[in-house]
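Student: Chains A and B supply the protein sequences, listed in that same order. Position 164 (the first sequence) corresponds to 164 in the working numbering; numbering is contiguous. Position 120 (the second sequence) corresponds to 286 in the working numbering; numbering is contiguous.
Where hints are given, some of them may not hold.
As a list, the in silico DSSO-like pairs of lysine-lysine whose alpha-carbon atoms are at most 27 Å apart [claimed, not checked]:
#1 K5/A to K100/A
#2 K4/A to K100/A
#3 K5/A to K101/A
#4 K262/B to K100/A
#5 K101/A to K262/B
No wet-lab data here; the hints were simulated from the structure.
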Amino acid sequence: METKKLTFLALCATLSLALYAAESALPPLAPIPGFKLGLSNIVTLLLLRRYRPRDAALVLAVRILLSALLFGQPLSLLYSLAGGLASFAAMCLSGSILQKKLPLLIGAMGGLAHNGGQLLTALAVTATPGVLAYLPFLLPAGILTGMFTGLCAWLADRYLPRGPSS
Amino acid sequence: MYKQNITKTPKAAALAICAFLALVTAACLLCLWHTGRSSGQLTAEVYLDGELLWRIPLDQVETPYTLEVPGPQGCCNRIEVRPGSIGVVWADCPDKLCVKQGFIDRPVLPIACLPNRLVIRLCPAKDSSASHAAPDAVTY
Numbered sequence: 001m002e003t004k005k006l007t008f009l010a011l012c013a014t015l016s017l018a019l020y021a022a023e024s025a026l027p028p029l030a031p032i033p034g035f036k037l038g039l040s041n042i043v044t045l046l047l048l049r050r051y052r053p054r055d056a057a058l059v060l061a062v063r064i065l066l067s068a069l070l071f072g073q074p075l076s077l078l079y080s081l082a083g084g085l086a087s088f089a090a091m092c093l094s095g096s097i098l099q100k101k102l103p104l105l106i107g108a109m110g111g112l113a114h115n116g117g118q119l120l121t122a123l124a125v126t127a128t129p130g131v132l133a134y135l136p137f138l139l140p141a142g143i144l145t146g147m148f149t150g151l152c153a154w155l156a157d158r159y160l161p162r163g164p165s166s
Numbered sequence: 167m168y169k170q171n172i173t174k175t176p177k178a179a180a181l182a183i184c185a186f187l188a189l190v191t192a193a194c195l196l197c198l199w200h201t202g203r204s205s206g207q208l209t210a211e212v213y214l215d216g217e218l219l220w221r222i223p224l225d226q227v228e229t230p231y232t233l234e235v236p237g238p239q240g241c242c243n244r245i246e247v248r249p250g251s252i253g254v255v256w257a258d259c260p261d262k263l264c265v266k267q268g269f270i271d272r273p274v275l276p277i278a279c280l281p282n283r284l285v286i287r288l289c290p291a292k293d294s295s296a297s298h299a300a301p302d303a304v305t306y
């Protein structure tokens, strides 16, 4: 990988981590565990739009590992990985069939998959079917917050200067 | 021909994805509506500052009565318990959102008074032991 691009992707990982830290400092928006804006997803969406999925996946993996090391409890790495993997797969898939257009919808799919994946992991970890009671709240919430991050990514894509070419 | 292909595919895909998202949302709303309706016996749980104050089986209430909850900063709420429902009838907090929420008779959305740190939630009477159990840790 070219040094310029490596530096750029590292910068993106830092930005993503900073967004994650800033978000965890905000008071929770709703008293539902698992409900969050997912601001660091903006970076993933932007990279998926401008670069190859491989680059976005790399930045996402670095962000998840670092955030778990810096802020997380042992289990949070598992939840983060499950949510990140699910949302990345959903965004890759919807991004390719939408030909990278309409980041609002790509973000919505990502948010939906993130919350779904995380809740399924919680179901597997806690082995209590009771957590499924959150599903009807978390899935629409994921769609809404995903649309918000999609909107942010769209705006960021319009106003941020282009990085090194892929 | 090729150009047409490029402009047409995302539109169909976008419609399909929109339909999928709408379907998921509708299913979730239907699910919430259903759980809200199918609950027979309800237990109200009143929390102050995260601590459980009272657990009231609402189906055993025959005549309405009121309870006073003094808050930490001098805020105060008056709760009225009725057969099958519960609500805040008076509060000295500035916005009175808890009073405006009215009486709840479904386990969907709890009543919360943030200035007083008061939360009233309903849960089905039978599995209340399972559903009120707080998680050990919340990580995400």
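Student: Look at each hint and say if it fits the structure.
Tutor: Evaluation of the provided hints:
Of the pairs offered as hints, the one joining K5/A and K100/A holds, with about 21 Å between alpha carbons and a cut-off of 27 Å not exceeded. A hinted pair counts as satisfied when its Cα atoms are at most 27 Å apart, and K4/A with K100/A qualifies at roughly 24 Å. A C-alpha spacing of about 24 Å is found between K5/A and K101/A, which places the hinted pair at or below 27 Å, so the restraint holds. Our distance criterion of 27 Å between C-alpha atoms is broken by K262/B and K100/A, whose separation comes to about 46 Å.
Of the pairs offered as hints, the one joining K101/A and K262/B is violated, with about 44 Å between alpha carbons and a cut-off of 27 Å exceeded.
Checked against the numbered hints above, the structure violates hints 4, 5; every other hint is satisfied.
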